[in-house]
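**Q** Top to bottom, those sequences are chains D and V.
Reminder that position 16 of the first sequence reads as 16 in our numbering, one-by-one numbering, no gaps.
Reminder that position 103 of the second sequence reads as 103 in our numbering, one-by-one numbering, no gaps.
A few of these clues could be false.
As the list claims (entries may be wrong) - Between beta-carbon pairs, the in silico distance windows are: (1) 91(D) with 73(V): 34 to 44 Å; (2) 139(V) with 36(D): 30 to 40 Å; (3) 134(V) with 292(D): 45 to 55 Å; (4) 99(D) with 93(V): 32 to 42 Å; (5) 118(V) with 4(D): 19 to 29 Å; (6) 93(V) with 281(D): 38 to 48 Å; (7) 189(V) with 292(D): 27 to 37 Å; (8) 192(V) with 14(D): 31 to 41 Å; (9) 110(V) with 87(D): 30 to 40 Å; (10) 189(V) with 95(D): 51 to 61 Å; (11) 91(D) with 118(V): 41 to 51 Å; (12) 146(D) with 73(V): 50 to 60 Å.
Claimed, not checked - So the derived list for chain D, only partly shown, Cβ under 7 Å to chain V, looks like this: (13) 88; (14) 180; (15) 183; (16) 184; (17) 185; (18) 186; (19) 189; (20) 192; (21) 196; (22) 199; (23) 201; (24) 202; (25) 204; (26) 205; (27) 206.
Worth flagging that the hints you see were computed from the coordinates, not collected in a lab.
Think of the CB as a built atom: it goes at the ideal place given N, C-alpha and C, for glycine as much as any other residue.
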Amino acid sequence: MKAFTVSKAVTALMLAGLVLLPLYSHLSGNIFILTLFTRIVILALAAASLNLIMGFGGMMSFGHAAYLGIGGYAVGMLAQEGVGSGFIQFPVALAASALYALVIGALSLRTRGVYFIMITLAFAQMAYYVASGLARYGGDDGLTVYKRSDFSGLIDLGNRTQFYYLCLACLFGVIFLIWRIVNSRFGLVVQGLRSNEQRMQAIGFPAKRYQLVCFVISGTMCGLAGALLANNTDFVSPAVMYWTRSGDLMVMVILGGMGTLFGPVMGAVVFLLLEEFLSQITEYWALIMGPLLLLIVLFGRGGIMGMLGRAGRG
Amino acid sequence: MAEPLLRVEKLVRRFGGIIATDNVSLDVAAGELHAIIGPNGAGKTTLISQLTGHLEPHSGSVSLGGRDITYLPAYRRCALGLARSFQITSLLLDFTAADNVALAAQAHAGTSFRFFADARKEKGLRDAAHAALDRVGLAHRADVLVSKLSHGERRQIELAVALASKPKLLLLDEPMAGLGVTESQGMVKLLQELRKEVSIVLVEHDMPAVFALADRISVLVYGRVIASGDPAAIRANEDVKRAYLGDQHVVTHHG
Numbered sequence: 001m002k003a004f005t006v007s008k009a010v011t012a013l014m015l016a017g018l019v020l021l022p023l024y025s026h027l028s029g030n031i032f033i034l035t036l037f038t039r040i041v042i043l044a045l046a047a048a049s050l051n052l053i054m055g056f057g058g059m060m061s062f063g064h065a066a067y068l069g070i071g072g073y074a075v076g077m078l079a080q081e082g083v084g085s086g087f088i089q090f091p092v093a094l095a096a097s098a099l100y101a102l103v104i105g106a107l108s109l110r111t112r113g114v115y116f117i118m119i120t121l122a123f124a125q126m127a128y129y130v131a132s133g134l135a136r137y138g139g140d141d142g143l144t145v146y147k148r149s150d151f152s153g154l155i156d157l158g159n160r161t162q163f164y165y166l167c168l169a170c171l172f173g174v175i176f177l178i179w180r181i182v183n184s185r186f187g188l189v190v191q192g193l194r195s196n197e198q199r200m201q202a203i204g205f206p207a208k209r210y211q212l213v214c215f216v217i218s219g220t221m222c223g224l225a226g227a228l229l230a231n232n233t234d235f236v237s238p239a240v241m242y243w244t245r246s247g248d249l250m251v252m253v254i255l256g257g258m259g260t261l262f263g264p265v266m267g268a269v270v271f272l273l274l275e276e277f278l279s280q281i282t283e284y285w286a287l288i289m290g291p292l293l294l295l296i297v298l299f300g301r302g303g304i305m306g307m308l309g310r311a312g313r314g
Numbered sequence: 001m002a003e004p005l006l007r008v009e010k011l012v013r014r015f016g017g018i019i020a021t022d023n024v025s026l027d028v029a030a031g032e033l034h035a036i037i038g039p040n041g042a043g044k045t046t047l048i049s050q051l052t053g054h055l056e057p058h059s060g061s062v063s064l065g066g067r068d069i070t071y072l073p074a075y076r077r078c079a080l081g082l083a084r085s086f087q088i089t090s091l092l093l094d095f096t097a098a099d100n101v102a103l104a105a106q107a108h109a110g111t112s113f114r115f116f117a118d119a120r121k122e123k124g125l126r127d128a129a130h131a132a133l134d135r136v137g138l139a140h141r142a143d144v145l146v147s148k149l150s151h152g153e154r155r156q157i158e159l160a161v162a163l164a165s166k167p168k169l170l171l172l173d174e175p176m177a178g179l180g181v182t183e184s185q186g187m188v189k190l191l192q193e194l195r196k197e198v199s200i201v202l203v204e205h206d207m208p209a210v211f212a213l214a215d216r217i218s219v220l221v222y223g224r225v226i227a228s229g230d231p232a233a234i235r236a237n238e239d240v241k242r243a244y245l246g247d248q249h250v251v252t253h254h255g
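Excised from the complex, chain D in its bound form:
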């Protein structure tokens, strides 16, 4: 095995860039880029969590944005009711996401393939409409979070740099956990089930309970992203749960490289930067973005990580 590869180098470069970004922002006085990258880091976290079930577990969930909403609404609703402490808001956000994942997973995992995709989509849309109907919490219009989660002076979420580093730490923490999980006993079983479920049953693994636990872990991680996102925008609305957002997350994962540790981060960075800059050039940015993504998916098997891997060999 080679110690140095192109994909490793690019990944390291990207991570270093993420760590040093606030420094650049301060020196250049470009505050916007810090705001943009905070959003990128949070959605990278969501994409990484989706990758755990989609890339490693082979479970094509098309309803992952639901957790962004659940995590976000947990923060927003508690704030609205006067509970401002992050020490309460964040655990509630994670617990609510886990619970939702447990119920949805238990029902969805009875199905496979296209049906699984459709049923996870249907449940997420249901969550979307439920949120739209919450009149007390803004309904369709969404809910403004007037005060960011309060961590009693430990960290100030109102401070852009501190908040950015909190998000980045969460992202790195989640990727570290995913790295441990995929190489653990549990992770090997889940990946084995993706590869050949019949074989795994025959050697003695009940498929569903492993997949369900994986589904819950992934949903909980994405709930964290939701709680951060609500703090980032000071706002949460049903729109974060809409199916197009779930689609965006899938695109990030596929674009970056399914089943790779840093692929989703790469995918999120590229996807959101493209979206940002193309939309500055033309209002028809989607017209350029669409074919571009199509080309990468068609000709870059394994996404960006896959292409970098081949570049390293070739």
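Dock chain V against chain D, hints included.
**A** Chain V alone, transformed into the frame defined by chain D:
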């Protein structure tokens, strides 16, 4: 006589109007190599699938070591000591040979709800995997992806996977399928070794192999067991000759 290791009683399985398994009863004693033969479409795979739990019978029962397992799911039977190989190789293609076998060992070595420690560094599992790979003569291919292995090697991995779960009873569904002559001979030699350690139910088309290996043979025709006995008795059985070995027998005796 002691309780047989595997007892199948009056097993019936229909597909629409076709009776694929028709009142099949058979016993497999501990330490025995029991072969099941029969022409194509005799219902051998249907029978095996009911033994492994991939298919439910409509009536009748299957018990392992005196315990009724007729309706247990596949993974529970496996925990009770029943391991199988597939007629069409069914492995984790994007895993290495060692990982494939180690997972089988893992299934029988405590809980797999461990999320943090690196499973590939668990010495017990790796050792078990290498021992099983060594047993089938593939220790040198341990770190190769299964998708890069030849068909014959994959057949051997199937066996190693089954062995790694330390089964009481091994169900082998046509282990020689698609193997060349030398590979087949290797497999026969290997099975001759294995049968000293574990009871085996062998479904196989390769007649020389079956007669060389089996303690007892059951002949399945149209879903029914028409004869059961030691190789010599089966060779001499008139029904079997007519139903199965028929043409070949006529040719060799009168040709």
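**Q** Run every hint past the structure and note whether it holds.
**A** Now the hints, each set against the structure:
Checked against the given bound of 34 to 44 Å, the beta carbons of residue 91(D) and residue 73(V), roughly 36 Å apart, stay inside it. A hinted range of 30 to 40 Å is violated for the C-beta pair residue 139(V) and residue 36(D), which are about 54 Å apart. In this structure the hint that residue 134(V) and residue 292(D) lie 45 to 55 Å apart at CB holds, the actual value being about 51 Å. Hint check: residue 99(D) to residue 93(V), Cβ distance near 36 Å, so the stated range 32 to 42 Å holds.
Range check, residue 118(V) to residue 4(D): Cβ separation about 23 Å, and the 19 to 29 Å hint holds. Checked against the hint of 38 to 48 Å, the C-beta distance between residue 93(V) and residue 281(D) comes to roughly 44 Å, which is consistent with it. A hinted range of 27 to 37 Å is violated for the C-beta pair residue 189(V) and residue 292(D), which are about 58 Å apart. For the pair residue 192(V) and residue 14(D), the beta carbons lie near 57 Å from each other, so the given range of 31 to 41 Å is not met.
For residue 110(V) and residue 87(D), the hinted distance range of 30 to 40 Å is satisfied, since their beta carbons lie about 36 Å from each other. At roughly 58 Å, the beta carbons of residue 189(V) and residue 95(D) sit within the given window of 51 to 61 Å. Between residue 91(D) and residue 118(V), the C-beta spacing of about 29 Å breaks the proposed range 41 to 51 Å. The supplied range of 50 to 60 Å is met by residue 146(D) and residue 73(V), whose beta-carbon atoms lie about 53 Å from each other.
A cut of 7 Å between beta carbons decides the hint on residue 88(D): the least distance to chain V is about 26 Å, and the hint is violated. A cut of 7 Å between beta carbons decides the hint on residue 180(D): the least distance to chain V is about 5 Å, and the hint holds. Using the Cβ-Cβ criterion of 7 Å, the hint placing residue 183(D) at the interface with chain V is satisfied: the shortest such distance is roughly 5 Å. Below 7 Å, beta-carbon pairs count as interface contacts, and residue 184(D) has one with chain V at about 5 Å; its hint therefore holds.
For residue 185(D), the interface hint holds, the least distance from its beta-carbon to any beta-carbon of chain V being 4 Å, beneath 7 Å. Because the smallest distance between the Cβ of residue 186(D) and any Cβ of chain V comes to about 5 Å, under 7 Å, the interface hint for this residue holds. The beta carbon of residue 189(D) comes within 5 Å of a beta carbon in chain V, closer than 7 Å, and the hint placing it at the interface holds. A hinted interface residue such as residue 192(D) counts as satisfied when its beta carbon comes closer than 7 Å to some beta carbon of chain V; here the least separation is about 5 Å, so the hint holds.
Checking residue 196(D) against chain V by beta carbon gives a least distance of about 5 Å; that is within 7 Å, so the hint holds. About 5 Å separates the beta-carbon of residue 199(D) from the nearest beta-carbon of chain V, less than 7 Å, and the hint is met. The restraint placing residue 201(D) at the interface with chain V holds, with a minimum CB-CB distance near 5 Å, inside the 7 Å limit. Because the closest C-beta pair between residue 202(D) and chain V is about 6 Å apart, less than 7 Å, the hint holds.
Restraint check, residue 204(D) versus chain V: the minimum CB separation of about 4 Å is within 7 Å; hint holds. Against a cut-off of 7 Å between C-beta atoms, the interface hint on residue 205(D) holds, since the closest Cβ of chain V lies about 6 Å away. Contact between residue 206(D) and chain V, as hinted, is supported at the beta carbon level, the nearest pair being about 5 Å apart and thus within 7 Å.
Going through the hint list in order, the structure does not satisfy hints 2, 7, 8, 11 and 13.
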